[in-house]
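Colleague: Sequence order for the protein chains is A and B. Numbered according to the numbering used here, the first sequence spans residues 1 to 409. Numbered according to the numbering used here, the second sequence spans residues 1 to 113.
The hints are simulated quantities; they were obtained by calculation from the structure and are not laboratory data. Quick reminder that beta carbons are idealized off the backbone N, C-alpha and C, glycines included. Accuracy of the hints is not assured; some may be wrong.
To be verified - Calculated lysine-lysine pairs in the DSS-like style (CA-CA distance at most 27 Å, straight line):
{"#": "1", "chain 1": "B", "residue 1": "70", "chain 2": "A", "residue 2": "94"}
{"#": "2", "chain 1": "B", "residue 1": "22", "chain 2": "A", "residue 2": "94"}
{"#": "3", "chain 1": "B", "residue 1": "32", "chain 2": "A", "residue 2": "156"}
{"#": "4", "chain 1": "A", "residue 1": "156", "chain 2": "B", "residue 2": "41"}
{"#": "5", "chain 1": "A", "residue 1": "94", "chain 2": "B", "residue 2": "26"}
{"#": "6", "chain 1": "B", "residue 1": "32", "chain 2": "B", "residue 2": "52"}
As the list claims (entries may be wrong) - So the derived list for chain B, only partly shown, Cβ under 10 Å to chain A, looks like this:
{"#": "7", "residue": "31"}
{"#": "8", "residue": "33"}
{"#": "9", "residue": "38"}
{"#": "10", "residue": "39"}
{"#": "11", "residue": "44"}
{"#": "12", "residue": "45"}
{"#": "13", "residue": "52"}
{"#": "14", "residue": "53"}
{"#": "15", "residue": "56"}
{"#": "16", "residue": "72"}
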Amino acid sequence: MVAVLTRIFGVHNLALAEDVVQDAFCRALEVWSFRGVPENPSAWLMTAAKNRALDVLRREKTARTYEPELSRWLQSEWTLASEVEEMFSDTAIKDDQLRMMFSCCHPQLPEEAQVMLMLHILCGFGIHEVACAFVTTYTAVEKRIPRAKKVLAGSKRLFDTQAPSDFSNRLPAVQRALYLLFNEGYHGASAEFAVRADLCDEAMRLAKLLLEHPLGATPSSYALSALMCLNKSRLSARVDASGKLNSLFDQDRSLWDQKLIAEGLRLLELSAQGSELTEYHVEAGIAAVHAISPTMGATNWQEIVSLYDSLMTIRPTPIVALNRAIAVGQRDGADCGLHELRTIPDSDRLAKYPFYHAAFAEFELQNGQIEDAIAHFESALKLARNHMERHFFETRIASCHANMRADQI
Amino acid sequence: MSDFTFLYRGRDTNASPEQMQKTMEKWRAWFKQLGEQGHLKDIGHPLEQSGKVIRGKQKSVTDGPFAEAKDVVGGFTLIQARDLEQAAELSKGCPILEVGGSVEVRPIQAINM
């Protein structure tokens, strides 16, 4: 709704757009607590926001300036209502969301601020929810979001999604923001949850919007969506019904969403057109190899290592190197895995990442070095960021102890 | 280019909300077309069917005008056109004609002192 209203009122009136949405929700609270929740709550809210917008437009005719192209249609009673009606249509809403997505990826904003803005404006996340998603404090987000909104409101107009060169220029930033958003949901570091399916869903919803735009349906966009589908397919096995975190090695693969896998593979096919090879392609490829393996043992680790080799040439980060090392260990044995782990460049950046230590632990365990394994798991446990991770490492430690006792028998 | 007024008569103000929506869609489309062609000076406004009439030196105030529906001015628009002929031609696209209404096309008078 904010996206649509920002289009109507103009990006410099972003605060007004938010107020109108706020009013709609307030009215909803008032009315619904009397009459109960309507059959179609979102339609009700849309109508309330639309009517409120009409009120504002009528009342403030001379007080504000609106979106230049629209203002003449908003000033006459002949066209005001139908223009606003048109802007609340499904196609207009999608266009406006896409426009807002691109606008949020303002080049003056750091990546993280872009994603925060998207979450706040497009996904309706409040300050507290954004803070949870980003492992940062309420006060930090409380400062950053208004600053980011100021930057956005300061642009002369919303991003023009019809201008091909501008669109293509900003597309990578939008894709990256959606990737980061999905990642937050999948590998969340929040204090409460290791996984936030709703963030993944929002990222997937917005990525789909990209694909629906002729300029947005590029191979890299398909790859990004493929990646999201394939990873999301594992989510219910990644965190099971009891809230336990399960690694890829332990997941009950019968819980993997086959429909999503099929969709992911279909999108991966579509991403193979043209000569563009992005990190999204490679990551989607890796996810695909896992997705089609019925068991851990059947996994084509050679393929995965090759893909990680590719990924290292595109985006050589310590995390990628870590994941590659784990894959090498699977392919070539624990000693090779340990060697790769020890030779990760810039590994000090991984020192605080619990799963770095856990990787050492797993390979030591495979080599029968149980005490070393326990030591590494305890390092991981100290660095655990939420109760799910803590529980996961505690379980691993307990399992090591059980192994030790079994050996002693 | 000269300026002209369109005065609309014969609006159907008893329409249901759905009909109203459809009708206003047609008006909007017509205005957009005029706008694209560079003829739209001021879209103007629709008018409520009655109000008050103040008359004469006495400045008497009565409710009104109570005329037949087809005679009540229901709205206005300001147009730019080459001449009266073109303005009249442009008015033919008005949706009010479809429901039996009319468009009065009057040139703006340039008053010189």
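Colleague: Would you mind marking each hint as holding or not holding in the structure?
Modeller: Taking the hints in turn, this is what the structure says about them:
1. 70/B with 94/A: violated (42 Å)
2. 22/B with 94/A: holds (23 Å)
3. 32/B with 156/A: holds (24 Å)
4. 156/A with 41/B: Satisfied, since the Cα-Cα distance of roughly 26 Å is no more than 27 Å.
5. 94/A with 26/B: holds (24 Å)
6. 32/B with 52/B: violated (32 Å)
7. 31: holds (6 Å)
8. 33: It is violated, given that the least Cβ distance between residue 33/B and chain A is near 12 Å, above 10 Å.
9. 38: violated (13 Å)
10. 39: violated (13 Å)
11. 44: Nearest chain A Cβ about 6 Å off; hint holds.
12. 45: It holds, given that the least Cβ distance between residue 45/B and chain A is near 5 Å, below 10 Å.
13. 52: At 19 Å from the nearest chain A Cβ, residue 52/B fails the 10 Å test, so the hint is violated.
14. 53: Violated, because the Cβ-Cβ distance from residue 53/B to chain A comes to roughly 22 Å (cut-off 10 Å).
15. 56: Not OK, violated: residue 56/B not within 10 Å of chain A, min 31 Å.
16. 72: violated (16 Å)
Checked against the numbered hints above, the structure breaks hints 1, 6, 8, 9, 10, 13, 14, 15, 16 and satisfies the rest.
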